[in-house]
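Chains as they are written, first to last, in the working numbering: chain G, 714 to 1255; chain Z, 71 to 419.
I should point out that these hints are in silico values taken from the structure, not numbers from a laboratory.
Built from N, CA and C at the ideal position, the CB exists for glycine as well.
Just so you know, not all the hints are guaranteed correct.
[To be verified] To give a feel for the contact side, a few chain Z residues facing chain G, derived at Cβ under 7 Å:
#  : residue
1  : GLY82
2  : PHE84
3  : VAL86
4  : ILE102
5  : ASN109
6  : ASN136
7  : ASN137
8  : VAL140
9  : SER326
10 : ILE330
Each chain is listed here by its residues.
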Amino acid sequence: MNKPFAITLNVGSSLANKTGTWRTFRPVYVKRLSPCNNACPAGEDTQGWLYHAESGDYETAWRHLTQDNPMPAVMGRVCYHPCEAACNRGKLDSAVGINSVERFLGDEAIQLGWKFDKPAQESGKRVLVVGAGPSGLSAAYQLRRMGHQVVIFEAGPLAGGMMRFGIPKYRLPREVLDAEIQRILDMGVELRLNTKVDDILVTMKEEKFDAAFLAVGAHLAKRTAIPAAESAKILDAVSVLRSMEGEDKPMLGRRVVVYGGGNTAIDVARTAKRLGAEEAIIVYRRTREKMPAHDFEVEEALQEGVLMRWLSTIKQVGDGGAIQVEKMELDENGKPVPTGEFDTLEADSVILALGQDVDLGLLNGVPDLTFEDGVVKVDEHMMTGYAGIFAGGDMVPSDRTVTVGVGHGKHAARHIDAWLRGTTYEVEPKAELANYEKLNPWYYTDADKTVRPMLDIIRRQSTFDEVQGGLDEGNALFEARRCLSCGNCFECDNCYGVCPDNAVIKLGPGKKFEFNYEYCKGCGVCVEECPCGAIKMEPEST
Amino acid sequence: MGHQEIKFYQTGTFTVGNRLLPPEQRSVQSDIERTNSLNSGHRACQGCGEALGARYAIDAAMRATNNQLVAVNATGCLEVFSTPYPETSWQIPWIHSLFGNAAAVATGVAAANKVKALKAGKALPETRVIAQGGDGGTTDIGFGCLSGMFERNDDVLYICYDNQAYMNTGVQRSSATPPAARTATTMPVGEHPGNEWGQGKNVPLIAMAHGIPYVATASVSDLRDLEYKVKKAMSMRGARYIHIFVPCPLGWGSASHDTIKLARLAKETGLFPVFEAEYGEVTNVSKIRQKQPVEEYLRLQRRFAHLFGKKPRLDEIERFQHMADQNIRKFGLLGDDKATVGYYGAEHE
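Here chain Z stands alone, though its shape is the one from the complex (with noise of 0.2 Å):
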């Protein structure tokens, strides 16, 4: 574990806050007066994950950086539902330019706040960079500027909030789509229904590759450590780059309720590896607390409801836990086990 796991407090630190732990070891979202960078009146889908997680990574941000903090954001549902003209739901300086340029964008603003600190004397600016967008703005569209961005080592951190398609426009499939996973572009028909397997990328990963300083992965279902990843990334200067799992209701076929609980089963299956990374070498992972079949996970969702009923496809059941199964090995994801992925880690030794 990333954060400081706190024992026998009743909850622990698995919930958002408790009453037993001092003030200083709360989390930010338990704070009476945290920012809300993200205010209520935007227009999301009922549970939505990424209005959620886009809360938890601003907020912490701000408190991270003293509110001293500027957010770039590609196109994308969190740009749409926060900013229908002339409304907004930010209480941070936000701007927004085009799909795939926010990682461009969000580098010309650190450049600038750099000119302005070397005018005003100081070393290093104190206003802060964010560049945010979903996994259709980040591993398709923006990836150019993102790659960009994190060769150059722009002091940007990027955050994708990743719910697996473009939901915005009617859920359309991305290379952050799962294989079998119904949307309107893959439809569940054919030998292999769904979205093909054997594509899609792994941006997270790729990022590594470009031996930036810091990598990590994170998820709605774990409040601490995302706040600590954020809190992490912004006391480090360079290209950083966080990626946060943002189930959403509407484009999975899932119940609103269950935004949390699905999140929680995509990291406790294997499907869904949390660690972090610093110039490409994995140093942490959040270990599986109760392993789950991956079953627990598709079931509760209707983009899979093709892999279920009268006749199940055990066999894509079978390689969706294959799956789960290469990552729990992969990164080490149970007991003491240890990482064997990273740029100059094990895979390629």
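Bound conformation, chain G alone (with noise of 0.2 Å):
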């Protein structure tokens, strides 16, 4: 090359200085643990679905979802979102309504009549499931989804267990809960109504089963001792709800007391409210803030008026109707004890709704099981003690919700899956969590919470419509817009535009990013300014 006058050089690119020597830590990608997918009794991947919501797909969202929840509409509905009391968002407006957009997700996918996929495969195994509730009807989703024959045995006339015979329609329409298990079915699980299952080991020999998973539930209302007249009408609020799912509604009067102050108690008393009673009185030994009943349906129940007697204990239930009440108060333990002074209340019934045990007569005979409180205890992969038998829900330790029903189903599923091809299932360790320091908030965009519609007062004391409306196509896209995508990269380029080396490299829609450690120097402005915290600082080893 003929070079200019004083030039001894020619031109090159810096390229050839690798400034990734100068690096002492390095940045690296990760995915961590949103708090919301963290909280889910489900296990459901709430960011991962939200996602594709974000871009409007809804579809792709919806079958993400349904990978560990076949029932979104449900959930939607009835679960009390411990994923939205997780939420880093709270921190900075209010959480995400998580919630409305999974029933939007559900109401669309039931709408639009979107289907599972059948197995691609079938193993050859058979595996009965005793119980169609929320945790049934998921483990047979998920063993069906791997390829094994599943039937399950229901001995009430319909399937849906506590979505149907506890939870009034007034929250839970049954159209909804109807067009969700027939979409299970319709993978070719089998379903036996009216079936009960007597003795375990019998069934699964007569019907070469190769392991079965039990969820029978938890239906035995709890009794105490009262002293009560002859002619006082004592009911049940298990038997109160289950019968109105029959032709014959329950006659509870204009004057109704329920005894107790779970979520059971709230729902009786505002089904009385609508079967017409004048008044609904719950009657709890404990204060409001020691209600196990979620606080929004207490105040649900309140604005329906239905009334509250906080620090009360039933007595006695005298002739027409006369209860003794006796007021309680709370020691410094929070404990509460009998004050000694009593109170008359007048009631045409009286429901309790003390809780509910697990009829286990099915496991007589079964060797090497322990029981524990009237459940069955299961070890870490969700089996009794004998082997092949497998149980979930409410007639294992935990708590009693829908939600944690559908988990159980969904980790049982997996272990009997494990067990029939002779592995086991190893669950991942948990990655980091996203919590909300990991987070820069900066780079969101001001955006309070859509609110629900609510149903009009009047209509909810007179009729079992749906209380609580759903989003539409606009305010569920908002809403899930307002995802931050806690731990997990959504392509926000942030980490491409602020390097101040061109170190990181964009690999196109979807392929998120890849550091080019060449040039990086380490600077960690890309970590600083990540909205989500999906990168972390790594020291170098050498």
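With the hints as a guide, dock the two chains, each given alone in a separate frame, to form the complex.
Here it is as structure tokens:
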């Protein structure tokens, strides 16, 4: 090359200067666990499905969601959404309405008739599921997806378990429940109604089942010894709610007293109100703060005119429905103690909502089982002491909610599948939690939560119409886009933009990014400016 | 806000990109095909704000001019770290002459382009010119040439990357160094430690006083606003000036990962007002989104360490707060307030 005067070297690019050697720390892309995913009893990948909903791709969102939970339309109505309580956005303005988006996706799926895929391959194994409640249905769905033949034995006349016979219509319309159950059955799951299993070992042997998942629920109402006159009408909440599904609605009278402080007590009091009771009074021995019922349900009940008698116990039910109530007070440990002061309430019927027990009759004669407080103990693989018999839902020790039941069903299915293959299912260790401190909230637009419409109060007192409305497409999309995508890259291009050394390679839509360690100097700006905490600095090893 | 702010798309336009936006609404920097005018391998320090600001600005100018661009560089960090002989990081035609004459050289390039256009029978040259330098080369050494370029209304966009001192030569004070800041020439000793209060100059306001078509300030913490301003400047002819705030981890004694955070705090405290002006009049200001006290900004920088520690200089911090509050009033940085500053503005009425 002929060089100009005084020039001795060819012009070169600074790319020859590998500035990566300056680095003492290196940025690394990570996937952290979002608090919502961490809190979900059904183990939903909430952040993952919201990601698809954000771009309006509802079907992909729904398919992603239903990998973990086959009943989003039910969940979007009855789940107590611990995800929202954990949501990082709650620290910014208010939590993302995850539950409302879930309901929107579920309703969309029903309306547009989205179906589950049939398994690609049959395993040739037969699994018995006892009980068609949330846990049993969830297990059946997951097992069927894995290619197993599944038969559900259900003692009742209809599938759904407590979702049908415990949760009132005004919280869960039955056509929604039916649609989501039917979709599971359409995968080739066999359902036998009115089929009670009396002896599990006999049933398994007769029909050559390779494994069984038991999820019979807790349907036996707990009783308490209350002295009562013969004419007194004392009912239990489970039977009242169950009879709501039949032809003959229960006759409760004008004045109804409900005894207990759980969600079932609230449900039954609100049901009584809708059946025409002028007065529905909940009698509970502790205070509102100590009530096991969820506060929003207590609030909705109060709005509908349900009355509450805190710090009270029922001592006896006399002739003509005169109820003797003793006032209580809390001692220094928060335990209710009697005061000796009495009071009288008038009631046409008294409904006991004191919790439920499990009917464990089908396990008679099964060796090596352990029981505790009236439920079956299972190991970390959801298996009872008897090999091949697994259990979940309300009949094992846990919180008794629909979502927990669905989670049990999913986990049990994975372990059953592994057991059938002669292996064990290893639970992946949880990723590091993406807590609020890991985020850079500056980058999120200000957007308040969309509130779901509520049915007007008059219709809430007289009809069984659904109380809480859903979101439409517009505001469901808005709500999904409030997601901060905690701990998981959502391709905002910040790292790609803010690097002073062009050391971030953008791989294109959906493919995310890569660091170019030849030039990355390790300044850490990308980590600091990543909105969602999906990058971290690690010391260089050499 | 100058640029079109888009809301309710998760991060709106706060982040560099946004997968939910149509491509034409995304930033130049989010483009997989961006020019990378200042390429990898340059020798700027870790977390250099100036290297970042220069790539933001020149990439945007390249997009706006359809890649018909020449850059003239003053002496300074940007020149030294990008072109140690015989390597260059620039992927555009680039020329360096002296410390103080970037504006004059750019005027010459613009004049040459004009002659070439006329000879080719075109009314205006397609190739556009940018002059760029640090605060030393702009507010001190090159100031005469710069003012000349302004008053002649030469067709040049001058960009000043303001890191508030002569960083390349070892952190000496410039006329853009803030009061109380420690530099190699303003040590934290005496009654008023660090740089003197009541000195220095505000070149964006001086540029406005020339009545030139366009003056703007911008920050590396607000990419969309910066790109909007460069694009707008390149759509105009005549003398234009953009002053970009670029934190310097080395000279300020800040953590290399805090570069953008500091730029954001400078704007959110009100210490660095972000605005644009046409023909001497303020036409737009970037409002403060989450107002912050000045301590949040000062505390992260060792050049202000003598204001904190065991005997904090609350009086000096208070003066900074006063300075920020004055900016907020003058430029109308909060809510619906209007700017009262400007060559033809209320300040002189």
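VAL140 (chain Z) was flagged as interface toward chain G. Is the shortest Cβ-Cβ separation under 7 Å? violated, 16 Å
Restraint outcome when ASN109 (chain Z) is required to lie within 7 Å of chain G by C-beta distance: Interface hint status for ASN109 (chain Z): holds (6 Å vs cutoff 7 Å).
For the hint on ILE330 (chain Z), does the least C-beta distance to chain G fall short of 7 Å? holds, 5 Å
Regarding the hint that SER326 (chain Z) lies at the interface with chain G, is the smallest CB-CB distance below 7 Å? holds, 4 Å
Hint validation: ASN137 (chain Z) versus chain G, beta carbon distance must be below 7 Å. Holds or violated? violated, 18 Å
Grab the minimum C-beta distance from ILE102 (chain Z) to chain G and call the hint holds if it beats 7 Å, violated otherwise. With a minimum Cβ separation of about 5 Å from chain G (threshold 7 Å), the hint on ILE102 (chain Z) holds.
Hey, does the ASN136 (chain Z) contact hint survive, CB to chain G under 7 Å? Violated: closest Cβ of chain G sits about 22 Å from ASN136 (chain Z), beyond 7 Å.
Mind checking the CB of PHE84 (chain Z) against every CB in chain G and telling me if the closest is under 7 Å? Given a least distance of 4 Å, the restraint on PHE84 (chain Z) holds.
Interface hint compliance - GLY82 (chain Z) to chain G, C-beta minimum distance less than 7 Å: holds, 4 Å
Please verify that hint: VAL86 (chain Z), Cβ, nearest Cβ of chain G, below 7 Å or not. holds, 3 Å
Consistency note: the structure conflicts with the earlier hints numbered 6, 7 and 8.
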